[in-house]
Amino acid sequence: MHIMEGFLPAGHALAWTAISTPFVVAGVRRLKRILADNPQARLPLAAAAGFTFILSALKLPSVTGSCSHPTGTGLGAMMFGPSVMAVLGAVVLLFQGLLLAHGGVTTLGANIFSMAIAGPWVAYGVWKLSDRLGLPAAIGVFLSAFLGDLATYVVTSTQLALAFPDAETGFAGALAKFASIFAVTQAPLAVAEGLVTVVVINALTARGQMHGLGEKA
Amino acid sequence: MTARSNALLLGLAVLIVAAPLALRPDAPFGGTDDAASEAVAASHPGYEKWTAPFWTPSKEVESTLFALQAAFGAGLLGYVLGRRHGRRDK
Numbered sequence: 268m269h270i271m272e273g274f275l276p277a278g279h280a281l282a283w284t285a286i287s288t289p290f291v292v293a294g295v296r297r298l299k300r301i302l303a304d305n306p307q308a309r310l311p312l313a314a315a316a317g318f319t320f321i322l323s324a325l326k327l328p329s330v331t332g333s334c335s336h337p338t339g340t341g342l343g344a345m346m347f348g349p350s351v352m353a354v355l356g357a358v359v360l361l362f363q364g365l366l367l368a369h370g371g372v373t374t375l376g377a378n379i380f381s382m383a384i385a386g387p388w389v390a391y392g393v394w395k396l397s398d399r400l401g402l403p404a405a406i407g408v409f410l411s412a413f414l415g416d417l418a419t420y421v422v423t424s425t426q427l428a429l430a431f432p433d434a435e436t437g438f439a440g441a442l443a444k445f446a447s448i449f450a451v452t453q454a455p456l457a458v459a460e461g462l463v464t465v466v467v468i469n470a471l472t473a474r475g476q477m478h479g480l481g482e483k484a
Numbered sequence: 012m013t014a015r016s017n018a019l020l021l022g023l024a025v026l027i028v029a030a031p032l033a034l035r036p037d038a039p040f041g042g043t044d045d046a047a048s049e050a051v052a053a054s055h056p057g058y059e060k061w062t063a064p065f066w067t068p069s070k071e072v073e074s075t076l077f078a079l080q081a082a083f084g085a086g087l088l089g090y091v092l093g094r095r096h097g098r099r100d101k
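Sequences listed follow chains W and U, in order.
Quick note on numbering: the working numbering labels position 197 of the first sequence as 464, and the sequence is numbered without any gaps.
Quick note on numbering: the working numbering labels position 36 of the second sequence as 47, and the sequence is numbered without any gaps.
Because the hints were derived from the structure by calculation, they are not lab data.
The beta-carbon is built from N, C-alpha and C at its ideal position, and this holds for glycine as well.
Each statement offered as a hint is correct.
Sample of chain U residues facing chain W (criterion: CB under 7 Å; computed from the structure):
#, residue
1, Leu32
2, Ala38
3, Ser48
Whenever a hint applies, use it, and build me the whole structure from the sequences.
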């Protein structure tokens, strides 16, 4: 889902940076409040950070014959609400953008928006909705992580389609093209992330406590 | 959820990730990020990249840094899971 350095026109790069910045700022404040109110949250927070560090480093093969990486942001979004993940995701993306030439500085805002904002918010929304619908917790966790992961890649495709609409088919044609690269490759990997997230949440929470996760946004 | 269902879920995840390697042995398995960059270059040949990474690691250094990222994450997650496990045993 990384948009590579230089692959967004300056206006787009600036706009996504402007959109993402308040989310990251709000996330930092939320993070501080969580730690001040409940110092014991340090450990599960570290686990959520660790999970996204691991998953976003793994470039996995998919049925399309390309490789892509999961995001691991759904777990933390369910446990602490989506705004915290804006910060944790931004840390990962900054590391990859500066040291690995994956993503970049000018595209950081756009990449933060897809992986650290859109994905976690979708994951959180799905989690809350499945809870309200009374779905079993494990199903809710799976759907949340699966759709959050997929949403990140749909957003990346949208960002590229907005910046590079097709000469003939316009935005819609470009979106289909980029989605066929990103989202289709991602689908099976998102399923795998959903399954692993169920296992990790299961290990992190005491039995029967899954439903109490992420009370506040 | 039991240890058995956990093992089942993890096994399924491994299967999903491993299956493409067996199903498409001739596929290049390149990165989608690069594929997208190439698609942009193909459809908009006039677009000039206006910035470039100020540092690009070699393939070897890159794999080391990715491994470090995953190892750091695994350390964090393993520490927390281990502590929880230890507390449960008491």
